[in-house]
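Listed below, chain by chain, are the residues.
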Amino acid sequence: MRPDHEFLQALTRRTFLGKVAGGVGAAALASLGGRINNAGSSANNSTTDPSKVGPHFAPKAKRVIYLFQSGGPSQIDLFDYKPGYRDLHGTELPNSVRGGQRVTGMTAGQTSFPVVAPPFKFARHGKCGMWASELMPHTAGVADELCMLKGMHTEAINHDPGITLINTGDQQPGKASLGSWLSYGLGSENEDLPSYVVMLSQGTGKNPGQPLFSRLWGSGYLPSNHQGVQLRPGKNPVLYLANPAGITEKARRDMLDDLARLNELRAETTGDPEAATRIAQYEMAFRMQTSVPDLTDLSDEPESTFELYGPDARIPGTYAANCLLARRMAERGVRFMQLFHRGWDQHLNLVKELRAQSRDTDQASAALIIDLKRRGLLDDTLVIWGGEFGRTIYSQGRIGAPGSGRDHHGRCFTTWLAGGGVKPGFEHGTTDAYGWNILDGAVHIRDLNATILHLLGLDHERLTFPHQGLNQRLTGVEPAKVVHQILT
Amino acid sequence: MLSASLRRIATSIALSVMATANASAQDPAATGAASAQDRETHWSFEAAKRPAVPNPESGQPRSAIDAFVAKRLAHEGLTMSPEADRRVLIRRLFLDLTGLPPTPAEVATFVADERPTAYELLVDDLLGRPQFGERMALRWLDLARYADTNGYSIDGGRHMWAWRDWVIAAYNDNMPFDQFTIEQLAGDLLPNATDSQRIASGFNRNHMNTHEGGTILEECRVAYVADRVKTTAVTWLGLTVGCAQCHDHKYDPISQQDYYRFFAYFNTITDKGNDGNGGVNSVPFVPVFDTEQTTTLRRLQGEIAQLESQLLAPDDELQAAQQVWEHEQANLDHSEPVLGPWRVMGPNKAATGNAAFATDFGPESDLDLDAHTADGEPLWQLREDLVDGKPHALPAQRSAYYLHRTITTAHATSVSLSLGSDDAIRVWHNGSLVVDKNVRRGVKADQELITLALQTGTNQLLVKIINDGGPGGVYFKMLDSGLPTEIATAVQRHDRDRSDDDRAALMRYFRLTVPALEPVRSSIAKLQTEIAAIHEKPSTTVMVMEEQAMPRETYFLVRGRYDVRGDRVTAGTPEFLPAMPEGAPQNRLGLAKWLVDPKHPLTARVAVNGLWQMLFGTGIVKTSGDFGTQGERPSHPELLDWLATEFVATGWDQKAMLRLLVGSATYRQASNCSTELLAQDPENRLLARGPSFRLAAELIRDQALAVSGLLNTKLGGPSVRPYQPKGLWREMSHFGSTPATEQVYVQDSGDKLYRRSLYTIWKRTVPPPTMLAFDAPSRELCTPRRGRTNTPLQALVLLNETGFVEAARHMGQRILQEGGDDLASRIDFGFELATSRKPTSAERDILIATFTREHSRFATDREAAAKLLAIGEAPRDEQLDSAEHAAWTMVASVLLNLSETVTKG
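Read top to bottom, the protein sequences are chains A and C.
Mapping of the first sequence onto my numbering: residues 1 to 488, in sequence order.
Mapping of the second sequence onto my numbering: residues 1 to 905, in sequence order.
Don't read these hints as lab results, they were simulated from the structure.
In this text the structure is predicted, and so the values were computed from the model without any measurement.
Each residue gets a CB set at the ideal place from its N, CA and C atoms; glycine is no exception.
Keeping only pairs whose Cα atoms sit at most 35 Å apart, straight-line, the calculated DSBU-like set for lysine-lysine is:
no.: 1; chain 1: C; residue 1: Lys752; chain 2: C; residue 2: Lys655
no.: 2; chain 1: A; residue 1: Lys373; chain 2: A; residue 2: Lys235
no.: 3; chain 1: A; residue 1: Lys235; chain 2: C; residue 2: Lys752
no.: 4; chain 1: C; residue 1: Lys867; chain 2: A; residue 2: Lys235
no.: 5; chain 1: C; residue 1: Lys390; chain 2: C; residue 2: Lys444
no.: 6; chain 1: C; residue 1: Lys444; chain 2: C; residue 2: Lys349
no.: 7; chain 1: C; residue 1: Lys477; chain 2: C; residue 2: Lys390
no.: 8; chain 1: C; residue 1: Lys437; chain 2: C; residue 2: Lys477
no.: 9; chain 1: C; residue 1: Lys537; chain 2: C; residue 2: Lys526
no.: 10; chain 1: C; residue 1: Lys477; chain 2: C; residue 2: Lys444
no.: 11; chain 1: C; residue 1: Lys250; chain 2: A; residue 2: Lys481
no.: 12; chain 1: A; residue 1: Lys250; chain 2: C; residue 2: Lys838
no.: 13; chain 1: A; residue 1: Lys60; chain 2: A; residue 2: Lys82
no.: 14; chain 1: C; residue 1: Lys726; chain 2: A; residue 2: Lys250
no.: 15; chain 1: C; residue 1: Lys752; chain 2: C; residue 2: Lys726
no.: 16; chain 1: A; residue 1: Lys352; chain 2: A; residue 2: Lys235
no.: 17; chain 1: C; residue 1: Lys349; chain 2: C; residue 2: Lys390
no.: 18; chain 1: A; residue 1: Lys481; chain 2: A; residue 2: Lys373
no.: 19; chain 1: A; residue 1: Lys250; chain 2: C; residue 2: Lys867
no.: 20; chain 1: A; residue 1: Lys352; chain 2: C; residue 2: Lys726
no.: 21; chain 1: A; residue 1: Lys121; chain 2: A; residue 2: Lys82
no.: 22; chain 1: C; residue 1: Lys752; chain 2: C; residue 2: Lys537
no.: 23; chain 1: C; residue 1: Lys726; chain 2: A; residue 2: Lys235
no.: 24; chain 1: A; residue 1: Lys121; chain 2: A; residue 2: Lys423
no.: 25; chain 1: C; residue 1: Lys49; chain 2: C; residue 2: Lys71
no.: 26; chain 1: C; residue 1: Lys726; chain 2: C; residue 2: Lys867
no.: 27; chain 1: A; residue 1: Lys352; chain 2: C; residue 2: Lys349
Taking CB as the label site, the calculated pair distances span:
no.: 28; chain 1: C; residue 1: Arg561; chain 2: A; residue 2: Glu92; range: 23 to 31 Å
no.: 29; chain 1: C; residue 1: Arg568; chain 2: A; residue 2: Lys121; range: 54 to 62 Å
no.: 30; chain 1: A; residue 1: Gly317; chain 2: C; residue 2: Thr291; range: 40 to 48 Å
no.: 31; chain 1: C; residue 1: Arg568; chain 2: A; residue 2: Ala123; range: 54 to 62 Å
no.: 32; chain 1: C; residue 1: Arg568; chain 2: A; residue 2: Val477; range: 25 to 33 Å
no.: 33; chain 1: A; residue 1: Ser299; chain 2: C; residue 2: Ser841; range: 47 to 55 Å
no.: 34; chain 1: C; residue 1: Arg552; chain 2: A; residue 2: Arg86; range: 42 to 50 Å
no.: 35; chain 1: C; residue 1: Arg559; chain 2: A; residue 2: Pro302; range: 53 to 61 Å
no.: 36; chain 1: C; residue 1: Thr408; chain 2: A; residue 2: Gln101; range: 50 to 58 Å
no.: 37; chain 1: A; residue 1: His89; chain 2: C; residue 2: Arg552; range: 42 to 50 Å
no.: 38; chain 1: C; residue 1: Arg862; chain 2: A; residue 2: Pro302; range: 35 to 43 Å
Based on the sequences and whatever the hints tell you, model everything.
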């Protein structure tokens with residue numbers, strides 16, 4: 001731990017209190033996402049080591065919308081298509097291709113690994129001619145906006161370590177999540193909303209899907225004010241946001257004024273700086289009581305919005321509704337919006353389940369890109385779609401059986417990006433004839449994370465935090481590289 | 001809106017703080033991380049030497065602590081602050097030593113106590129309260145990563161509360177820290193380990209575990225061992241050894257070899273990589289009996305002892321009968337049955353352990369020892385290596401093995417067998433099923449004890465061992481048959497050749513078999529059945545440490561990868577630290593004794609620093625989990641060494657150490673702070689003022705419960721489920737599973753809602769949100785130090801969460817019932833409940849205005865009052881006027897939200 005670290009953080013916070021006009025807003029903001037970008041930089045020069053907190057260079061994207069598809073979507077059946085799969089259908093996956101790849105305990109006992117061609121129609125789309133499955137018609141419609149990474153890979157082969165690795169940079173718990181790093185590194189652009197917001201949804205394909213963990217948006221060793229704040233459907237979109245029954249907004253305002261005056265009197269006697277900070281926190285809490293319902297109240301959206309995102313967007317808590325909320329947050333300057341959609345774990349019943357999972361998500365994902373573009377936000381918003389790993393070309397269960405599916409596959413999977421600084425209508429990476437190994441354009445999830453940070457103006461090697469004797473970073477101790485080939 | 005005066009304060013704070021920052025940009029007390037050179041002689045790796053206590057420049061310090069602190073202050077041109085007001089002191093002591101605020105009556109008594117030892121007497125009182133153990137447990141649970149769920153994957157339920165109760169009791173009993181250490185690290189290895197010592201060893205079973213389907217067992221098991229290593233090192237050594245799992249430590253002198261030698265201590269446990277499904281603890285675990293069960297067991301054992309002495313009482317008639325019996329037996333054939341060699345068939349693979357258990361792979365219905373495969377290979381293999389009386393490994397996979405042998409006897413007799421299995425077991429004797437146990441466990445002797453009535457001639461014994469993954473194993477031993485050997489020998493001796501032992505054994509055996517004593521024996525058997533019934537249904541179980549019968553070998557793992565083994569290593573402590581004490585065993589017990597060796601440079605320093613951190617907010621070494629070269633150096637090195645040596649010299653007495661710390665003038669200072677001092681020492685590392693900082697999450701909630709009168713002070717027991725927003729678990733968990741696996745939150749009601757927060761169920765993937773908001777860790781990993789942030793989410797919890805609103809409502813009721821008759825006395829009463837002091841007149845005026853305004857608001861809107869008063873389950877006194885009660889609820893909410901209330905002053 002650098003000795004002056006916490007002191008400097010406290011200092012930055014207090015500096016706002018004194019320097020920023022109106023004071024309280026900025027100070028409160030500092031508490032849920034580091035600091036304000038603009039105002040922060042002046043204080044930053046005098047107080048904080050510039051290598052610690054960014055941006056380190058001019059960013060291409062100001063914010064990120066991460067559409068996380070939890071469970072491991074099948075790249076074979078959605079995007080990483082080869083007509084040759086048809087010829088290989090039913091043949092045994094050669095050992096030379098499998099290459100001793102370890103498999104999970106679920107198919108380790110299988111004696112045969114027969115190739116299953118995707119049971120869906122595929123076609124090329126857009127000017128770029130990108131392959132996409134019939135399950136993703138809307139996504140296919142925005143092919144020319146997508147930057148498709150077919151050479152993604154990971155070491156993890158099970159959900160818990162896999163999803164923890166991609167979100168926090170390590171298979172074991174305890175590290176800081178991508179969103180909390182962005183909050184720590186860049187702060188927020190909105191005084192009244194957290195800088196890192198998380199929304200969950202459950203797919204209709206596999207229900208329940210694999211579980212989620214709060215560590216996926218946790219702050220690990222970073223100060224806990226950088227952890228993701230969950231936005232939930234219902235009366236309390238943020239936990240405990242609504243006043244108790246019987247307490248009106250006016251009554252709350254009056255009460256908070258009394259509270260502030262009492263805290264103020266006490267601060268004058270004791271000189272306790274925390275009291276002043278605390279007053280500011282209560283002020284932000286009060287403003288959130290307005291700003292969050294404003295955000296989640298969709299009554300100001302025209303009919304065309306729901307046509308674009310689909311009818312699910314009217315149902316709180318669905319993936320479509322969360323996509324629409326992400327766009328509304330992007331407009332309001334939230335730094336990092338992360339959706340977690342569960343149910344992409346098609347060991348069994350792949351045909352039926354994958355169809356349902358795709359139907360849940362396809363239209364709204366594409367709508368988000370169209371919508372952001374129309375509003376001029378796509379240029380500086382990075383949209384990411386992907387899961388923790390992919391799925392095997394071989395069948396889990398007897399080939400052709402209606403209950404069969406595919407096991408986990410970490411050696412290659414597909415993630416797409418769009419907007420903020422990545423090449424549109426672009427494909428990076430190719431896999432072999434079996435969709436099993438990467439031939440070129442390999443992108444480890446560390447590389448993806450390094451690239452995301454890079455697009456936000458952060459150098460993954462300089463964005464560090466001292467903890468337990470080490471300068472911790474999102475990309476960990478193994479080498480990671482920014483994928484320059486995909487940048488505009 | 002922020003008033004002008006506050007803005008002025010804030011500005012002056014900020015500006016002065018900035019001025020200092022520009023001058024030094026450093027915490028004045030810290031001396032920074034160590035340079036590379038001093039790795040060789042890093043301060044914390046050298047044994048603490050007792051420093052001389054400095055002479056005070058003026059006045060008489062209360063304790064040695066003050067002399068060290070004053071010396072440093074003088075060096076900085078500062079002096080200590082005066083002693084705090086008694087009301088501040090009592091609140092500080094109560095919160096620090098019990099985690100609860102004092103009642104107004106306790107405050108009044110202390111303020112009026114004119115005895116010179118009033119303060120010390122109060123400290124003794126608090127150290128003796130049961131709430132002391134609960135308070136002390138808080139930090140220990142963070143270090144031990146205590147939780148009620150498994151953490152990985154679906155994050156199913158587990159049962160470790162009996163271990164938590166052990167911790168609370170150990171603190172309350174003032175167990176010396178060396179014993180506290182030994183029992184938690186190696187209680188199971190102590191000679192004649194008691195139940196309590198075995199439970200204590202659960203410390204290192206608190207780590208996360210998984211039962212995710214696709215898991216590779218060894219990968220997970222290695223992660224568990226690594227977690228034990230990390231946690232033990234941070235908790236006792238204050239060292240971060242995790243880096244050395246993959247490579248030599250970059251900064252501290254811990255080699256990767258050292259790491260795996262340390263790893264070896266924790267690598268021979270009978271646990272599995274994938275276990276703990278369905279809300280059942282993962283192996284190894286032991287039953288825990290509650291007070292009622294323990295009392296019953298003790299009574300039953302007493303009654304049995306009494307009946308046994310009755311059984312053996314002198315009796316002429318029986319003695320005569322015994323002589324007749326001895327004559328008969330002397331002439332009989334007592335030859336032992338003969339065991340044939342083992343033949344083994346397997347593995348017979350199955351998808352699951354349950355399938356392997358249920359499937360007949362042939363021998364169960366048709367035992368054909370000559371059976372062949374299609375290729376002509378014999379299915380049964382002769383296995384003469386399976387020597388009786390020791391556990392043998394069976395290959396690790398989901399499968400069933402059959403083991404067969406004959407038992408031949410020349411005369412009808414009975415035989416007692418001891419069997420053990422990893423995991424499940426079924427046994428057939430001449431085709432009849434005699435053991436049928438679908439369990440998951442590591443193999444040990446005596447897991448199954450059976451007696452078979454043998455037919456004359458050849459008997460067939462068929463054993464099926466079912467392994468549900470991980471290592472498998474079997475154990476077999478024939479205990480005795482017919483007459484036990486010693487009895488058979490004794491009975492065939494002539495009476496004059498018999499020893500006293502022979503005679504005693506014969507009498508005992510006779511009395512245990514003679515039909516005349518059957519009624520006594522059946523009474524004993526009945527009592528034993530009652531004991532067995534209690535053992536079948538323990539109050540709970542708790543995971544513990546238990547060594548494997550066949551200890552696993554430990555290998556150096558290349559780059560930390562579970563599947564890339566280097567050379568074999570043996571257990572040992574890191575070379576840069578002192579050697580093991582003479583004669584200490586090379587196991588966890590030896591390791592624990594090594595840690596508490598008085599000469600150990602780290603353990604005592606780390607332990608007293610932890611206590612200091614709890615009281616002063618920051619340790620003398622701020623990085624309380626890292627005393628290595630990358631950690632921060634101590635702000636007061638001599639003071640730390642003096643305290644560490646004092647701790648050892650006083651027999652690791654934790655209460656004595658706390659008495660010393662809170663007795664110091666340093667601790668008793670007022671915490672008021674001038675702008676200049678704040679600028680010079682924002683974190684109070686120099687200690688020119690008393691400790692003041694925001695309360696820990698648990699204390700904030702417990703205090704609200706206490707001052708509202710809702711607190712349920714029951715000590716210990718299973719975790720409870722207070723209010724929680726609906727759906728929080730469901731939206732993240734595997735909600736297809738049963739409530740037993742902690743996938744669904746089923747809120748408690750009644751007095752369980754008002755237990756202290758350390759009893760709130762801790763689900764690792766969705767920790768209690770009111771705790772998380774105030775910087776509680778997820779408990780996934782060992783956490784030596786919590787952060788202290790200040791966020792709007794905290795404001796929302798205190799203002800709106802059901803439990804806090806209910807506390808405000810109940811506190812409002814209390815103010816009305818106990819606060820006197822006039823407005824001012826009620827305000828004063830409520831204010832004192834929350835802060836332990838009376839309000840100033842300015843403060844009182846504000847709160848009177850609050851009440852007056854809210855009262856008129858609710859008087860004109862009775863419906864709003866009724867809604868507010870309906871929040872929470874605690875009944876309300878319906879005699880109270882609703883508008884008045886609602887208005888006092890608002891006043892109480894203001895009081896619970898005061899910065900002062902959530903701060904230790």
